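K.L.:
Single-letter residue listing:
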Amino acid sequence: MSALLDVRDLSRHYGALRAVDGVSFELAAGDVRALIGPNGAGKSTLFKMLMGETRPNSGEVYFGGARITGLRPARIVRRGIGRTFQITGTWASMSVAENVQTACLAHDGRTLSILPYARHLHRERAEALLDTVGLADQADRPAAVLAYGDLKRLELAIALAGEPRLLLMDEPTAGMAATERTDLMETVTRIARETGMTILFTEHDMDVVFAHAERVMVLDRGALIAEGTPEEVRADARVREVYLGVGLDPEALADA
Amino acid sequence: MGPILAQILTGLANAGALFMVASGLSLIFGVTRIVNFAHGSFYMLGAYIGWTLMQVLPGSFGFWSAILLAGIAVGAIGAFVEIVILRRVYAAPELFQLVATFGVILIVQDLALMIWGPQDLLGPRAPGLRGVVRILGEPVPKYDLALIAITPLVALALWALITRTRFGILVRAATQDREMVGALGVNQRWLFTGTFALGCALAGLGGALQLPKGGADLLMDFTILTSVFVVVVVGGMGSLPGAYLASVLISVVGVFGVTFLPQSTLALTFVVMVAVLMWRPFGLLGREEVAGEMGQVGPPEDPIRPAGWPVRVGVALALVVLAALPLYGSGFAVILATDILIFCLFAASLHFLLGQAGLVSFGHAAFYGGGAYAAALLVRHAGAPMELALLLAPLSAGLLALGIGFVALRASGVYFAMLTLAFAQLLWSLVWQGGAFTGGSDGLVGIWPARWADPNAIFYLLTFALCVGGILMLRHAAHAPFGYALRAARDNAPRAAASGLDVRRLQWAAFTFAGAMAGLAGGLFVFAKGSVFPNELEIARSFDALIVVFLGGVKTLSGGWVGGAVFEAGVDWLTRFEYWRLTLGLVVLFIVTIAPQGIVGTARAFWARVQR
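First to last, the protein sequences are chains A and B. The first sequence runs 1 to 256 under the UniProt record's numbering. The second sequence runs 1 to 612 under the UniProt record's numbering.
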């Protein structure tokens, strides 16, 4: 079976800075993979290139067998890639349910219609999605008043409304309490199992990474330096060097 | 070779004043993030003050000190304006700051009229520089050569100030990160005042320096503003070398235009601008400008809801009463109500663009006047009946918006605002120079409604149906998927794009939709008045609409038409006074500083307090 996502030699330079430098990897349908690396490693730049928000200097991205390099974000989303942002993105002037309804409308491609009342459209689907992420009881509150952890879950519901085949999540649990983190990641991985959705996420919390990712990729200074199962990555000397400096206790990474 | 060199020299000389005004605008924007729309007014003040000083101070020494003193005086006036008005609105969203600077424009216009009178003032010749020099056989005025020498000197002095002094270091630091400069303990208030004063002094200097070439008149504030916006857009906001480069480029193109294409000088400038913009959206030497928060103040608005049944019944009853106006109102009341309805639709269309899409357009009159001229031209040249003209007016305005939007939406934030204004001014100049086809400054007259709609009462009902229908349609669009998608793009554009919304296409559609609605209002206006003049396309008309939206309240659904009604009725009353602009300007400044939520917002806040 061919890969769902095929990234070939992708690079992005800002002057002399090689933010992403010749990165290649593949994702198969249903994979749940983490992308880790220190701050400034190029994780967010890589995501931006996959979504078409930033143009690569060189390299190709294939999704579902078709080349998507250089397409505009809206086009790439139509092909079936969704994402959540490191700085949570929701629409503050709408209610929680309306946020999800709007995402459903966007998925429909009905956004130029000026005839129906939008608040009656996709209400049930929005409620079902909110139920999935555990926000059903807050459906009619203004999104602007939600707590940060709830905003993260709302954004997940917004992203899921697009029925992505591949979901990119940029630090999905940053700023959440420990129990919330586990809840959110379990929800996401359950959906991935049930629907065959593929997930690529970045994360600084190693507990989350090792508990939920099937495989882990490590990015450092723009280049992939390791890829493998959590155990393999944990044991990799270079990864330990990047994260902890040389000569530290190998067990430390497991506890990081 | 000679003629071409002479042209280039004239262009370089003309670039002087343009550069000084543009660099001042750029400097102020860099530090305070305010696009000073009143910058043209400071330029005008510099010219008038310089003129007065030259009458008093004798000889060569007097001439040059008059120019210098004019710059200093305008700088002082700028400092006063900054301390009294702008300090209160730095924290407010861009729209409020812009409206505050419009207020200053209005006040300066009337003050200049009061002090110096309505007649154009001829600038005195520079002592010792009266004649011409022959270069390659072509006469070049000596004063032009002086200007060509002075401008780079001013630019160098500015460059030294920015790169070599502590003040300059602070200015550059604040341009990069205002908050950080504040956090390091720099007194931002005086930094802002100093920068604003410096920028205004530059504008004043430019105004005084061009006196021997252009004199002083009451239109020079808007004339220079359009050119300066083009320069800033072409050169890149915040870049001094960019401002110089673009001033020279635009001036030289302008001079060649006068020679080879005298009818379309401004159009030629715009072709250059559009070309640069297509190639570099942030100007030749500019950097990407993060679009600011547009039209929002305070916490995000509550989710909107369609009105409940009691409100709907109430509105329906009020509309019935309004529709029956011809039965009980005087003839004058019917005509005034017609005007108000038309203006309400115009304002509501801009309010939709601003409120729903978050796009601050400074050239909305292009579509209002565009629709008006489309209707009038169809009647005049194609013999179209009123019904067809009223159908084609919004279509033409929509097409116009489609074209202007295509270019203007390549930019965002302040660049977008400046581009819309520049395009409206282009349209105005095309109509103004349109000769027999558009009637030029004489306008097109004798465009009356079809016979059946000719009685005032019938035309009122027609206007009522179309305007109320248009306003309700705009309002309904806010509740429809289109409105939600627009607000999604406005609230968080990256999130909208990541959900598959094509942000630019949505904004383009909103721009076109609002333009078409403004065009409908313009079409009705022509038949209500029986005529149309270029002033329907003026900057002032765009400002009217902006002030109205702001007056009504941006973050409310009703702000557009409520503000429109109050404004049109108020202006009808105000314009009976000689210095009504002064009054309007003061009212605007009062609202900006005291009641920034507008009429509807303030009323709502008051109501909430009463209920508690």
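Hints listed in this document are in silico derivations from the structure and should not be mistaken for laboratory results. It should be emphasised that the depicted structure is a prediction, and the values quoted were computed from it without experimental measurement. There's no promise every hint is true.
As the list claims (entries may be wrong) - Taking CB as the label site, the calculated pair distances span:
1) A:R79 x B:R451: 32 to 40 Å
2) B:R505 x A:E194: 51 to 59 Å
3) A:R55 x B:L402: 47 to 55 Å
4) A:E194 x B:V271: 54 to 62 Å
5) A:R193 x B:A465: 55 to 63 Å
6) A:E124 x B:R604: 46 to 54 Å
7) B:L586 x A:E127: 36 to 44 Å
8) A:R75 x B:F577: 40 to 48 Å
9) A:R55 x B:F406: 41 to 49 Å
Stated by the list, open to error - Covered by chain B, per the in silico footprint, the following chain A stretches (three or more residues, Cβ under 8 Å):
10) 159-172
11) 205-214
Every residue gets a Cβ at the ideal spot worked out from N, C-alpha and C, and that includes glycine.
K.L.:
Evaluate each hint against the coordinates.
P.N.:
Here is what the structure says about each hint:
1. Roughly 59 Å separates the CB atoms of A:R79 and B:R451, a value that falls outside the hinted 32 to 40 Å.
2. A beta carbon spacing of about 34 Å between B:R505 and A:E194 contradicts the range 51 to 59 Å that was offered as a hint.
3. Checking the proposed 47 to 55 Å range against A:R55 and B:L402 shows it is violated: the Cβ atoms sit about 27 Å from each other.
4. The hint said 54 to 62 Å for the Cβ distance between A:E194 and B:V271, and at roughly 58 Å that hint holds.
5. Against the hinted window of 55 to 63 Å, the Cβ-Cβ separation of A:R193 and B:A465 comes to about 58 Å, which satisfies the hint.
6. Separation of A:E124 from B:R604 is about 32 Å and departs from the stated range, judged on CB atoms against 46 to 54 Å.
7. Separation of B:L586 from A:E127 is about 52 Å and departs from the stated range, judged on CB atoms against 36 to 44 Å.
8. Between A:R75 and B:F577 the Cβ separation comes to about 57 Å, which falls outside the hinted range of 40 to 48 Å.
9. Between A:R55 and B:F406 the Cβ separation comes to about 21 Å, which falls outside the hinted range of 41 to 49 Å.
10. Only when three residues or more bring their CB closer than 8 Å to a CB of chain B does the claim for the stretch 159-172 of chain A stand; here the count is 3, and the claim holds.
11. Coverage of a stretch by a chain is defined here by at least three residues with a beta carbon nearer than 8 Å to that chain's beta carbons; for the stretch 205-214 of chain A and chain B the count is 0, and the condition is violated.
Hint violations for this structure: numbers 1, 2, 3, 6, 7, 8, 9 and 11, all remaining hints satisfied.
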